[in-house]
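Novice: Just so it is clear: in the sequence shown, position 137 is 137 by the working numbering, and no numbers are missing.
By construction, these hints were calculated from the structure, which means they are not laboratory data. Predicted, not measured: the structure shown is a model, and the values here were computed from it. Hints are not guaranteed to be accurate.
Between beta-carbon pairs, the in silico distance windows are [unchecked claim]: (1) P136 with Q224: 17 to 25 Å; (2) R296 with T189: 26 to 34 Å; (3) T189 with D334: 36 to 44 Å; (4) L339 with S389: 17 to 25 Å; (5) F191 with R215: 27 to 35 Å; (6) N356 with R330: 36 to 44 Å.
Derived EDC-like pairs (lysine to aspartate or glutamate); straight-line CA-CA distance at most 16 Å [claimed, not checked]: (7) K372 with D334; (8) K405 with E344; (9) K282 with E62; (10) K401 with D358; (11) K285 with D90; (12) K317 with D358; (13) K405 with D390; (14) K165 with E182; (15) K282 with D179; (16) K401 with D323; (17) K372 with D360; (18) K372 with E62; (19) K317 with D334; (20) K165 with D179.
In this text, a Cβ means the ideal position worked out from N, Cα and C, and glycines have one as well.
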Amino acid sequence: MAPDIETVLLSLSHGSKETVPSGPMRVGSIPEGESCETPSEKVSPADNAQRFPNLSWTDSSESSNDFRSDIFTRPTLPMLEAIVNTTLGDCTADEDQTTVSFQEYVADLVGHEAALLVMSGTMGNQVALRSILCTPPHAILADHRAHIATLEGGGAASICGAMIKAIVPSNGHHLTLRDIQEQSILRETVFDCPTRVISLENTLSGTIMPLSDIRAISLWARAQNPPIHMHLDGARLWEAAAAGACTLREIGECFDSIQLCLTKALGAPLGSMVTGSTSFIKRAKWSRHLLGGGIRSSGIITAPAKVAIRDVFFGGKIRVAQDKARRAARLWQDLGGKLQCPTETNMVWLDLPASNVDRDEFYSLGRQLNLKISNSLMVGRLVFHYQISDAAFARLCDLFKAVLKGPDGADC
Numbered sequence: 001m002a003p004d005i006e007t008v009l010l011s012l013s014h015g016s017k018e019t020v021p022s023g024p025m026r027v028g029s030i031p032e033g034e035s036c037e038t039p040s041e042k043v044s045p046a047d048n049a050q051r052f053p054n055l056s057w058t059d060s061s062e063s064s065n066d067f068r069s070d071i072f073t074r075p076t077l078p079m080l081e082a083i084v085n086t087t088l089g090d091c092t093a094d095e096d097q098t099t100v101s102f103q104e105y106v107a108d109l110v111g112h113e114a115a116l117l118v119m120s121g122t123m124g125n126q127v128a129l130r131s132i133l134c135t136p137p138h139a140i141l142a143d144h145r146a147h148i149a150t151l152e153g154g155g156a157a158s159i160c161g162a163m164i165k166a167i168v169p170s171n172g173h174h175l176t177l178r179d180i181q182e183q184s185i186l187r188e189t190v191f192d193c194p195t196r197v198i199s200l201e202n203t204l205s206g207t208i209m210p211l212s213d214i215r216a217i218s219l220w221a222r223a224q225n226p227p228i229h230m231h232l233d234g235a236r237l238w239e240a241a242a243a244g245a246c247t248l249r250e251i252g253e254c255f256d257s258i259q260l261c262l263t264k265a266l267g268a269p270l271g272s273m274v275t276g277s278t279s280f281i282k283r284a285k286w287s288r289h290l291l292g293g294g295i296r297s298s299g300i301i302t303a304p305a306k307v308a309i310r311d312v313f314f315g316g317k318i319r320v321a322q323d324k325a326r327r328a329a330r331l332w333q334d335l336g337g338k339l340q341c342p343t344e345t346n347m348v349w350l351d352l353p354a355s356n357v358d359r360d361e362f363y364s365l366g367r368q369l370n371l372k373i374s375n376s377l378m379v380g381r382l383v384f385h386y387q388i389s390d391a392a393f394a395r396l397c398d399l400f401k402a403v404l405k406g407p408d409g410a411d412c
C-alpha cells in the first residue's frame, strides 16, 4: 500500500545527505565521496502538494511483475526528489551544472576524459558511430545479435553510410580475436570497404564477454595502421560489473568510446551517456545536435540518473535481481527445461520448443498468473530487475512447474 500523501510530501521536502562514490570501484557499500545533492533550493511540502497531487512515483507495483525488460522499472521517490531540486540550465550551452558534474562523474567511472548526455541508447550508439566515421567507405564489425545490427533501424547505414559486417561467434557465445581477424578488411583498394570500427556489446543477451577476450581484441585493433576504433555498446555494462566480471575502468581502458544506458539495469527515467576522449566528445556534441539531441533543462535527466547509480548500482540491487534470475534458471532446468543460452546476469532465455512447452499455453498461463512476459521479438526471454517482487517471482516459479509438469514442492 502506498504511503499517505502527507508522509510522502514531507519526505520530499527533506534534503538527501547520502554520498556517491567516485573512481574505479566495484559494487558494494557507498563510501565517502561527492554529495548527490543538487545546488538548488529545497521546496516546501506545500509546493510539492501543488506540483505532484497524485505522486504515482510512490508505487512500483506496475513494474513488480514485469519480466519483459529492465526498461519497465518505475522511477523512485529519491529520483523525484532529485528532479524537484535540480538545476535547470541548458545542456547544449554547457550551462547546467548538474549535467556538467554528472558527465564528469560518469567519465571518471570508466576512466575516460569526457562524457556526453544523450536521450537514448540508440542515439548514443549512433552519435558515437557518426563521430568516428566521417568519410565512406567504412565498415563496422559487430556480433550478429548486436543491437546496432538488429534493433536500431539501420542507423549505421542511413546516418553514417557504414556497412555493418555481422559476425557469428565461432564459439557460440562471444566474439574472439580470431573471429575479428578473419572478418576484418585492412586493405584499402577500390574494391574494399575497410574495417574502421569494432563494436562490441557487453552484456549481450544477458551474457558476459570475458575481459581477456576484450583486451586481446583491443590490443590488436589499436596496433593496426590506422588504428581501428573500439566502441562498446555498454547499455547493460552495469550488469557485467555488478556480476564481478570486470570493473567499469577495466572496460574503459579497452575502448575509445562507450555508450552507457541510464534506464536499463539502473531504472532512471531516461537517457544514456557516451564517453571518450575530449576531442571525441567535442565532435559527439555536433553529432548529437545533428540528430536533434539538444537538451534544455537537462538536470531533470541527470539528477535522477545519479541517484540511480548510487542506489541501484553501488547499492547492490542489481546483484539481487541477478540472483533471482539464476534461481529461476536453475528451477527451469531442474524441472527438465532447456535454455537458449546460459544465465550469467539478469536474463533467462527459455527454450520453449526444446523443453516441449507449448508457446500459447505458456503465455496464456503467464497472463492468468498476472505476469508480463515478452511474446514478440524476444520469445522465451525473461528479464529480471530490482523491482521484481518476491510475490511475482513465486508466481513465475508456479508457471514453470505448471508448464513443465513439475512437483509443487520443487525448490525455487
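Novice: Does K372 pair with E62 here, judged by a C-alpha cut-off of 16 Å?
Specialist: The given pair, whose Cα atoms are some 10 Å apart, holds under the 16 Å limit.
Novice: Straight-line Cα separation of K165 and E182 no greater than 16 Å?
Specialist: With Cα atoms ~12 Å apart, K165 and E182 stay inside 16 Å; holds.
Novice: Go ahead and decide if the range 27 to 35 Å is satisfied by the Cβ distance of F191 to R215.
Specialist: The hinted range 27 to 35 Å holds for F191 and R215, with Cβ atoms some 32 Å apart.
Novice: Compare the distance between the alpha carbons of K401 and D323 with 16 Å, and conclude whether the hinted pair is satisfied.
Specialist: Answer violated: K401 to D323 is near 19 Å, above 16 Å.
Novice: Are the Cα positions of K372 and D360 separated by 16 Å at most?
Specialist: Within the cut-off at roughly 14 Å; holds.
Novice: With a cut-off of 16 Å on the C-alpha distance, tell me whether K165 and D179 pass.
Specialist: Measuring from Cα to Cα gives roughly 12 Å; hence the hint holds.
Novice: What's the verdict on K401 and D358, does the C-alpha distance respect the 16 Å limit or exceed it?
Specialist: With Cα atoms ~14 Å apart, K401 and D358 stay inside 16 Å; holds.
Novice: With the threshold set at 16 Å, check whether the alpha-carbon distance from K317 to D334 stays at or below it.
Specialist: 26 Å, violated
Novice: For the pair we were handed, K282 and E62, check the Cα-Cα distance against 16 Å.
Specialist: Answer violated: K282 to E62 is near 40 Å, above 16 Å.
Novice: Between N356 and R330, does the beta-carbon spacing fit 36 to 44 Å?
Specialist: 19 Å, violated
Novice: Using the Cβ atoms, figure out if L339 sits within 17 to 25 Å of S389.
Specialist: 24 Å, holds
Novice: Between T189 and D334, does the C-beta distance stay in 36 to 44 Å?
Specialist: 56 Å, violated
When held up to the earlier numbered hints, the structure conflicts with 2, 3, 6, 7, 8, 9, 12, 13, 15, 16, 19 and fits the remainder.
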